[in-house]
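Asker: Here's the letter readout for the chains.
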Amino acid sequence: MKIYGVAILAGCYLAGQIIGSYLGVWLGINGNVGGVGFGMLFLILMNSKMKGSGESVNQTKGGILFWSSMYIPIIIAMSATQNVKAALSGGWVAVLAGILATIVCLLLVPVISKLSTSNSN
Amino acid sequence: MEVLDNLIVKNGFVIAFLFVGLAMYVAHWLSKTFTNKKIPGVALAILAALIFAYFGGEKGIADYPLFGGMALLGGSMMRDFSIVATAMGASFEELRKTGLAGIVSLLTGVIVTFFVGCSIGYAMGYTDPVSFTTIGAGACTYIVGPITGSAIGASSDLIAISIAAGVMKTIFVTIITPIVAKRIGLDNPVTAMVFGGLIGTTSGVAAGLAATDPKLVPYGALTATFYTGLGVLLCPSILYMIVMYSLGG
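If you read the sequences in order, they're chains A and B.
Once you know that position 63 of the first sequence is 62 in numbering that gives the first Met the number 0, the rest is easy, because the numbers rise by one and skip nothing.
Once you know that position 162 of the second sequence is 161 in numbering that gives the first Met the number 0, the rest is easy, because the numbers rise by one and skip nothing.
Okay, chain A solo, but in the shape it has when bound (with noise of 0.2 Å):
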């Protein structure tokens, strides 16, 4: 039933949710650290575990599918409900400090791509 499916990507949320939490209080910052990062790692295992295609574990992974194919329309209504009006009023140091760092990072992309795949090799 899809809804295995959903209650697995529910439980693996939250795990990874509780971790976060408690490793932001452990570290001292009143936040989430990684959270998401470790329900990703769990579902991973989680889908490592389902293996064969029969239909009962089929309809359970459909149940994670949907979550993960909403993701877009997601991002997109998340992005409508930015605070775009203040990032634009936080004057030019805001828009320069946020647009110059970025383009430094992407910069550092390909140096740092090319540093690990020649680790690897």
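These are computed hints drawn from the structure, not numbers from a lab.
Take the hints with a grain of salt, since some may be wrong.
[To be verified] Cross-link-like lysine to aspartate or glutamate pairs, in silico, EDC-like; alpha carbons within 20 Å at most:
1) A:Lys84 / B:Asp186
2) A:Lys84 / B:Glu57
3) B:Lys214 / B:Asp186
4) B:Lys9 / B:Asp62
5) A:Lys50 / B:Glu92
6) A:Lys48 / B:Glu92
7) B:Lys96 / B:Asp186
Quick caveat: nothing in here was measured; it's all calculated off a predicted structure.
Go by the hints and put chain B onto chain A.
Answerer: Showing chain B alone in chain A's frame:
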């Protein structure tokens, strides 16, 4: 009208599904008809969403009652839930191969962003260590900025600037990623993870990658989700100390 108003308030979430669906349909149609699919429909939809958000308020378009449900659909709970779901498309092997690069890119991302942000603040007249650090932290993400600012006692207008810097970054990443993707080699899981670690804003990374190639989203999101935590950890502590020391504060 009252009947209709009530209906809108009660069904905001469902209305959001309808609007986002329509927006995507129109965006894909525009992409196919006018750009020959050169500009992905998703990128057009996100750009349009940002422009609409400008005409809203603090919660973007969701400040209008009709679009109130967008705040729930696009809120952090739904966002994180669906990002976790994208892990179904990620392979464990790829993640292991990129583990070290992920960590390197996270550290580099936070530190480089912080100092670039700081320097711009400095060049524009924010020369005391607290302002300097708060603006640098804001350049990381709009969460790192205010947390760092309040930790080191920054004023509220500085915190507002740091939030603005972070939101600006998110928006810029969203728009620029599909444009520069080819040039920075953003077409494989390894690069996507490095990208997520260097850039760090989960919303920006996710939206930018979605507009570039949805298959890369889980890899970028996975590293990006650690970025804010790392930033919150480093900015008000080690990086603030380095700033104090180097400014002779």
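Asker: Against each hint, give a clear statement of whether it holds in the structure.
Answerer: Status of the hints after comparison with the structure:
1. A:Lys84 / B:Asp186: Violated, at about 32 Å.
2. A:Lys84 / B:Glu57: OK: A:Lys84 and B:Glu57 at ~8 Å, within 20 Å.
3. B:Lys214 / B:Asp186: holds (9 Å)
4. B:Lys9 / B:Asp62: holds (15 Å)
5. A:Lys50 / B:Glu92: Given that 20 Å is the threshold and the Cα spacing comes to 17 Å, the pair holds.
6. A:Lys48 / B:Glu92: holds (15 Å)
7. B:Lys96 / B:Asp186: Cα-Cα ~16 Å, so holds.
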